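J.: The lines below spell out each chain.
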Amino acid sequence: MRALRWHGREDIRCDTVPDPIIEHSRDAIIKVSSCAICGSDLHLYDGFVPGMRSGDIMGHEFMGEVMEVGAENKRLKVGDRVVVPFTIICGECDQCRRGNYSVCEQTNRNKKLAETVFGHTTAGLFGYTHLTGGYPGGQADFVRVPYADASCVKVPSDLTDDQVLFLGDIFPTGWQAAVYCDIEPTDTVAIWGAGPVGQFAVRSAILLGARQVVCIDHVPERLAMARAGGAITIDFDEESVLERLNDLTAGKGPDKCIDAVGLEAHASRSIDSLYDRAKQAMMLESDRAHVLREMIYVCRPAGIISIPGVYGGLVDKIPLGALMNKGLTVRSGQTHVNRWTDDLMRRIEERQIDPSFVITHRVSLEEGPMMYKVFREKQDGCIKVVMSP
Amino acid sequence: MNEKSLTVYSPSSPAGSMQATVRRLGWFSIGLGLLEILAPRATAWRVGLPGRQGLVATFGAREIGNGVGILMSKDPTPWIWARLAGDVLDIATLATGDNRRRSTNMVALAAVGGVTLIDAMCAHWLTTFHARRSQPVPDYSDRSGFPKSAEAMRGAARQRIPA
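Protein chains in written order, with the working numbering: chain X, -19 to 369; chain L, 443 to 605.
Hint data in this document are derived by calculation from the structure and do not stem from the laboratory.
The structure displayed is predicted, hence computed values, not measured ones.
Certain hints may be false.
Capping the alpha-carbon separation at 30 Å, the derived lysine-lysine pairs in DSS-like fashion look like this [as the list claims (entries may be wrong)]:
#: 1; chain 1: X; residue 1: K259; chain 2: L; residue 2: K516
#: 2; chain 1: X; residue 1: K57; chain 2: X; residue 2: K11
#: 3; chain 1: L; residue 1: K516; chain 2: X; residue 2: K297
#: 4; chain 1: X; residue 1: K134; chain 2: X; residue 2: K54
#: 5; chain 1: X; residue 1: K134; chain 2: X; residue 2: K11
#: 6; chain 1: L; residue 1: K590; chain 2: X; residue 2: K358
#: 7; chain 1: L; residue 1: K590; chain 2: X; residue 2: K134
#: 8; chain 1: X; residue 1: K232; chain 2: X; residue 2: K306
#: 9; chain 1: X; residue 1: K358; chain 2: L; residue 2: K516
Next up, chain X with everything else stripped away, as it sits in the complex:
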């Protein structure tokens, strides 16, 4: 089969590899009908996430048709159409029973490695670092889904791939980020980053009733899409984020802040971002935390900071004094996808939202490597790439 494989920094290739096979009785083999490039794939592409190995198959946003199931997998049958959440869950461990699926205690097959780096294991993830199990991803013709009976989300036949594909990651990720904000009708919610997760966070915050949603970025077409979803936008190349946010909130600051940027903040004109770049170049720091610093500084006291953006390692100069003295609450984590999928599927069926609005590019799998570059460079108005194997 064909698969997009990581061969090093900025080196993704469409290779021919052996087809996957059932390895465990709870497995399923999925024929991928649609897959997408996620913003967090770019962290791998750019070489910021440790634990990648040459030949790893990329991709954690995918869906398709069940081709084969293991003997113990009684929930799925051949021919079922499913979305596959990017977090692999067992459905049985203590964390899964609590709904904390992204920290499933069973599915990371490299637990020891994760425990060494993070203190404890987190769930296995598709197409990601070996810290999270190193499972082959879904940017391929076929994929083996471990624990498929617990994680796969069946899709009603009347919904298209475009409508449901993003239930596997970015829609629930934006939704969880907004839910974590405990949004009240009087709230101003500020969202850094107008990429795909930021776009879904904007719409989630609107649906959850925020009085004012503000989105911060510097890419014109992304800001236009955020405005279409109901956000007031701030172009950080054109105006001061802090001043504008204070203007919009009568000097009080946003009640809730969402970091939909993560470790590769691209602000380039602030002193702290130059500092981050310098430390990164000297391998003294792994992540660029400009957005976190700005959020902590501007957030209203007693507010909430929600972090769906991916961080991988160590950051420096976090204003912990401001965080503590302002009494801010921080909520973060990979998305507990299966906690939200039933509810969000129902919202899609009820036509409350159509997630396909975010798709800007459709290509074949062979064009995938080139699209990593287009997406990373935000060329050609690229916001979300969907590939059809």
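Based on the hints, put chain L in the right spot on chain X.
T.: For chain L alone, kept in the frame of chain X given last:
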């Protein structure tokens, strides 16, 4: 939904690598500038310009100014062109180097020649890149994802969803 924009696609350009190169040039400028200011005598000696440490330190200040400009500006194009002009000045100065240190002088000239080539490529790319960016961007203003206006959807998830 704007169908036309959904299908818009063009092959990738070398934008990423060139942007990274521009930033590296910024850091290179700062590094070279610091060297020229902190050790002007030794630098002048090594490039075949013995006794001209004052000139070398002045060039160092120019390099640092260029580097900071490249790294701090939203559009580094003028700063890269300034670097290119500086390269020409450097080559002209090195060409007047001390004949007794001709071999080191030639090495320095070759190095500056290589950097000049990179600067010229970046200057050309940045100029064309910004010309391209000045073209209209895709219009996503109709991509709300909502069936009604965003204002009408505000708080919709707070209401009970019909079974």
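J.: Please go over all the hints and tell whether each is borne out by the structure.
T.: So, going through the hints one by one against the coordinates:
1. K259/X x K516/L: Measuring from Cα to Cα gives roughly 21 Å; hence the hint holds.
2. K57/X x K11/X: holds, 13 Å
3. K516/L x K297/X: holds, 24 Å
4. K134/X x K54/X: Since the Cα atoms of K134/X and K54/X sit roughly 13 Å apart, the hinted pair holds (cutoff 30 Å).
5. K134/X x K11/X: This hinted pair holds, its Cα atoms lying about 14 Å apart.
6. K590/L x K358/X: Judged against 30 Å, a Cα distance of about 29 Å means the pair holds.
7. K590/L x K134/X: holds, 28 Å
8. K232/X x K306/X: holds, 12 Å
9. K358/X x K516/L: holds, 16 Å
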